[in-house]
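Number of protein chains: 2
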Amino acid sequence: MTDLNAVYTYVDEHAEEYIAQLQKMLNQPSIAAQGVGMTEMAAMVQQDMDALGFETEQYDTRGGFPVVYGEKAGKADKTLVFYDHYDVQPADPLDLWTSDPWSGEIRDGKIWARGVADNKGNIAARFAAIDAWQKIVGELPLNLKFIIEGEEEIGSMHLQNFIDDHNDLCQADACIWEFGGRDIDDRPQIHLGLKGICYVELRVSGARRDWHSSQATSIPNPAWRLVWALSTLKGPDDRILIPGFYDKVKAATEAELQALENLPDTEQILLDDAQIPGFINGLTGMELKLKDYFEPTCTISGLLSGYTEKGQKTVLPSKAMAKIDMRLVADQDPHEIYALLRKHLNDNGFTDIESELVGAGYPSRTSLDAPIARVVAETYEEVFGQEPVIYPTSSGSGPWYQLCDAFGIDAATAGVGNGYSQAHAPDENINVEDYILGIKHIVAIMDRFAQSEG
Amino acid sequence: MTDLNAVYTYVDEHAEEYIAQLQKMLNQPSIAAQGVGMTEMAAMVQQDMDALGFETEQYDTRGGFPVVYGEKAGKADKTLVFYDHYDVQPADPLDLWTSDPWSGEIRDGKIWARGVADNKGNIAARFAAIDAWQKIVGELPLNLKFIIEGEEEIGSMHLQNFIDDHNDLCQADACIWEFGGRDIDDRPQIHLGLKGICYVELRVSGARRDWHSSQATSIPNPAWRLVWALSTLKGPDDRILIPGFYDKVKAATEAELQALENLPDTEQILLDDAQIPGFINGLTGMELKLKDYFEPTCTISGLLSGYTEKGQKTVLPSKAMAKIDMRLVADQDPHEIYALLRKHLNDNGFTDIESELVGAGYPSRTSLDAPIARVVAETYEEVFGQEPVIYPTSSGSGPWYQLCDAFGIDAATAGVGNGYSQAHAPDENINVEDYILGIKHIVAIMDRFAQSEG
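Protein chains in written order, with the numbering used here: chain A, 1 to 454; chain B, 1 to 454.
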């Protein structure tokens, strides 16, 4: 039995060193959207893994930034993979930052920087945990892998190429996902999946150019065609009307329903933040939670036609466009959903409406009973001293299905963020204390998962 | 009995002089939208009327460009008013003009200039007709008035102020409207009215800012609210569904139906120009003509919500907007129509949708039997040697109702344009021959209307 307390003590004694290692990463901008600092950051991550004794390699992704891969064998015949990303969001708008977004300044018990929560703080905590383990215990308790991509913030566009080229490298028994941490009430959260997405653009054309609206008696109006088509997709009761749309929706299990019951009540916080009088259909409580986590959506994300500036222009538009964002739940297939949508349009006489599948992502869901789910939950409670809140899925998105479900790998989130970390926004931050606890949490996860059954 | 031939001969002999007078007007830019040359143009028009012996005045319109008014008494106890405008459209894009838009160059039997068709050619032709009449006959055959405004091309925004302030000046027995001429088959056209308009902007709000689309399970989407509301206004059969919308639509009379039968068949020209396979509901022939001239419309002129650029943005919009352009026919009232629309939205649960009446104009229609309609038609045939095509209404718009219907004044169009005059576009032009014929046409109208009964 490994004495984790000795490792924890080492972490505490070397906290400054581990914070400095994180700050070194934070000082290096790595903005995929702008192509800034990506080569330097990939090299830094690789060197840090090299220093831990990992066999590392940067894998070309055929058109995108490379995946930094590392692996090291350990005692148990079990493999845990960490999925992370070395790219971050742009720091704009810069004038809304209290300190330089690339400084990693420590202030008020927090570390402030672009990417500190999403997700350099997690990369550094994982490296620190391995370092501490190796310093105190020696051999790793199980085989470890890192898949650290460089395009998470721009949609993981080339990750599938890496996966296709290196199926063998992706094999593992479980995965720790890239994000995680505390909620706004400071309780640790675990997410066990992501919703999928089917993002479609609809386009309609009429006359070859905008026409004088007096001709609206005879020339078809693409804006009307679009409105009529859209109104067949979902009614005011919010029920999606595409035949077959709900067929593959998996009902929540008893355990998942129980998990929903345990979720904190954040309704009023959201109502206040959004400044709306109530939710769709007046839903609250369990009905709302079920809808949030176990029901798909069909959202108009964009609408455009004709004249949209101030005042009056008497125009009959020549074009109309809508963007439709459908969030999918297990086991909906985005390509099947797109085909159902297309068939529905055709069956309703809207063959004139062009459609394009702009983005497709599969929903993912790890069982609440999966060993990694139990290990992350139990160790959260041990290390953070608080029972975690378990979300059967997350409203966020990412390549979870591709990296995990597709390989039969269970996954869970664990991280050093919190409810006010402001990922993607100015003044992104984490608590110094959570960073240290997060290191210990990874130590405990490695130890416990190595011993787990199944 | 006046010998019109003597007047016509004088016109022919002084054609160069009358062309020069038109060119003088064409050389003076007068762009209301840009405030260019308006004072100079108003002064020129006033001086030209002074030279004809009219009592003239520039009337302030409380915020807009002045109305140039003129009147002169004649033999018969009858008054004919000419409605014109001294402003023109901007000349942009300049590089698409073959000659300087302000030169009035004569080339290929045409006069080329911004405003020559719309409507300085008509102003000059009316002045020339009066000049020739006075030179040959002496006393005018009837009382004449000119109401020449300076804001027609920018929506006649302040004309109502002039009308309200000077009701007495607006009284007349008939009106010759500002536009007119030949169609694309060179046949003279007469229009006997305009459609009205009710232009409404609809706005919907959701959360206080755009939200992540994952929250679409709970936060209402204003784009959906708008689509659902719009889909209750008109169905795919193009029938407008607002209760009461059609109640005041006046059926075409037998004479109007006959006039429609006589309209030229321009369907294929429009299909080719618009590059569409067919018209709404596959209409053709009389059904289409009836819809074009005797039915109102409800057109989406603009739609905007959320993300409308390239690719995928997973956003739940906070706002949505639509612009609705309703063309009205006699005797629909734009303010009543707006009230019906508002009531319909409320009755269907869309009280959350804000509406604003952006523009309102009444439909106008002069009877085919009105003396001025008959006079213009008969004299067209006499002077141009071709039977005119009579349109019971026009698809264009303007302050016809305000100046005519509101005072019980019958009106008809007569002018010097043609089917290729390119009003509002580069290389605007009229035929020199039509200008001379147009002068004679006004001579004949004055003579004949002075003698007409009723």
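Careful: at least some of the hints might be erroneous.
To be verified - As a list, the in silico DSBU-like pairs of lysine-lysine whose alpha-carbon atoms are at most 35 Å apart:
hint, chain 1, residue 1, chain 2, residue 2
1, A, 313, B, 75
2, A, 343, B, 310
3, B, 313, A, 343
4, A, 291, B, 343
The set of hints was computed from the structure by calculation and includes no laboratory data.
Structure-inconsistent hints, enumerated in ascending order: Of the numbered hints, just 1 does not hold.
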